[in-house]
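S.K.: Going down the list, the protein sequences come from chains A and B. Its first residue numbered 1, the first sequence is counted upward by one per residue in my numbering. Its first residue numbered 1, the second sequence is counted upward by one per residue in my numbering.
Treat the hints with care, as some may be off.
Some chain B residues near chain A, calculated using beta-carbon distances under 8 Å [said to hold, decoys possible]:
(1) Arg55
(2) Gly84
(3) Ala87
(4) Leu95
(5) Gly113
(6) Leu116
Calculated from the model, a selection of chain B residues having no Cβ within reach of chain A, i.e. all distances over 12 Å [as the list claims (entries may be wrong)]:
(7) Gly16
(8) Ser31
(9) Gln41
(10) Ser70
(11) Glu82
(12) Ser94
(13) Val118
Residues on chain A that point at chain B, a partial pick, calculated with CB under 8 Å [unchecked claim]:
(14) Leu34
(15) Tyr39
(16) Gly43
(17) Pro44
(18) Asp59
(19) Gln81
(20) Pro82
(21) Asp84
(22) Gly105
(23) Thr107
(24) Thr109
(25) Lys111
(26) Pro112
Derived by calculation from the structure, the hints in this document are not laboratory data. Ideal Cβ positions, reconstructed from N, Cα and C, are used throughout, including at glycine.
As a plain string of letters, each chain reads:
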Amino acid sequence: DQQVKQNSPSLSVQEGRISILNCDYTNSMFDYFLWYKKYPAEGPTFLISISSIKDKNEDGRFTVFLNKSAKHLSLHIVPSQPGDSAVYFCAASDSNAGKSTFGDGTTLTVKP
Amino acid sequence: KAGVTQTPRYLIKTRGQQVTLSCSPISGHRSVSWYQQTPGQGLQFLFEYFSETQRNKGNFPGRFSGRQFSNSRSEMNVSTLELGDSALYLCASSLEGLGQGFSGANVLTFGAGSRLTVL
């Protein structure tokens, strides 16, 4: 049972446009959500997070939205840049269980 | 400050052999967790160590084991290697560990990984 799903393995957008990456989860005990970005030959790096008591968190070009009733979160990148091309992982954390679960990742390609 | 260091970066083994991977966390970080990444499988959680104790474990067979030393450095071992163990093994460190509250103390800092190929 995959508790965190990123249903789009890949996404391609034009430079300057908006990129929207989606993530769905099933465990209602998740109370903290994070996005990580991974370039080839490097480990994932933390990008942005949101706690379950909020529905939006913004950091520069990156905004994460959380819809608890739908168990859905999304990452918006505006405007997209070629350097944003990477694999993006969604992660969900259950504070009580002390566990974090990752999605399979979405490969974003931003075309110049 | 120095990041998370994993060694070796690349290694090739044959079926039936065993392998030990090493991870040096960021200074001051007490939690070290390990993940396996294979194409199309995302990041699969192996285990987490905190203050030399295994605090959580994923759904991997007993061939996968780990430990953490008093200086927070961690090793993972895979015995009786199988072809399906070929993967990128990632180590991550954090101040307080996985799922430990809302603060930035549970944000993971990853190493570059150890790429294992089993022939």
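S.K.: Work down the list of hints and note, for each, if the structure agrees.
M.R.: The hints, checked one at a time:
At a threshold of 8 Å, the smallest CB-CB gap from arginine 55 of chain B to chain A is about 6 Å, leaving the interface hint in force. Hint status for glycine 84 of chain B relative to chain A: violated, with the closest Cβ pair at about 17 Å, above 8 Å. Restraint check, alanine 87 of chain B versus chain A: the minimum CB separation of about 14 Å is more than 8 Å; hint violated. This hint is violated: leucine 95 of chain B has a C-beta 13 Å from the nearest C-beta of chain A, more than the 8 Å allowed.
Among the interface hints, the one on glycine 113 of chain B holds; its C-beta lies about 6 Å from the nearest C-beta in chain A, closer than the 8 Å criterion. Restraint check, leucine 116 of chain B versus chain A: the minimum CB separation of about 15 Å is more than 8 Å; hint violated. Every beta carbon of chain A lies more than 12 Å from that of glycine 16 of chain B, the smallest distance being close to 28 Å; the non-interface claim holds. The beta carbon of serine 31 of chain B is not kept farther than 12 Å from every beta carbon of chain A, the shortest such distance being approximately 10 Å.
Against chain A, the non-interface label of glutamine 41 of chain B is violated: not every CB pair exceeds 12 Å, the least being about 7 Å. For serine 70 of chain B, the condition that its CB be more than 12 Å from all CB atoms of chain A holds, with the nearest at approximately 21 Å. The claim that glutamate 82 of chain B lies off the interface holds: its Cβ sits roughly 22 Å from the closest Cβ of chain A, which is beyond the 12 Å cut-off. Separation of serine 94 of chain B from chain A is inadequate, the least Cβ-Cβ distance of about 10 Å not exceeding the 12 Å criterion.
Distance check for valine 118 of chain B against chain A: the nearest CB is about 20 Å away, which clears 12 Å, and the non-interface claim stands. Interface hint status for leucine 34 of chain A: upheld, as the beta-carbon distance to the closest one in chain B is roughly 7 Å, under 8 Å. Look at tyrosine 39 of chain A: its Cβ only gets to about 10 Å from chain B, farther than 8 Å, so that hint breaks. Because the smallest distance between the Cβ of glycine 43 of chain A and any Cβ of chain B comes to about 3 Å, under 8 Å, the interface hint for this residue holds.
For proline 44 of chain A, the suggested interface contact is upheld, since its CB lies about 5 Å from the closest CB of chain B, less than 8 Å. Residue-level restraint check for aspartate 59 of chain A is violated (minimum Cβ-Cβ distance to chain B is 12 Å; threshold 8 Å). For glutamine 81 of chain A, the suggested interface contact is broken, since its CB lies about 22 Å from the closest CB of chain B, more than 8 Å. Checking proline 82 of chain A against chain B: minimum C-beta separation of about 22 Å lies over 8 Å; hint violated.
The interface hint given for aspartate 84 of chain A is violated, since its Cβ lies 18 Å from the closest Cβ of chain B, which is over the 8 Å cut-off. Hint status for glycine 105 of chain A relative to chain B: holds, with the closest Cβ pair at about 5 Å, below 8 Å. This hint is violated: threonine 107 of chain A has a C-beta 11 Å from the nearest C-beta of chain B, more than the 8 Å allowed. Hint status for threonine 109 of chain A relative to chain B: violated, with the closest Cβ pair at about 17 Å, above 8 Å.
Checking lysine 111 of chain A against chain B by beta carbon gives a least distance of about 23 Å; that is not within 8 Å, so the hint is violated. Restraint check, proline 112 of chain A versus chain B: the minimum CB separation of about 26 Å is more than 8 Å; hint violated.
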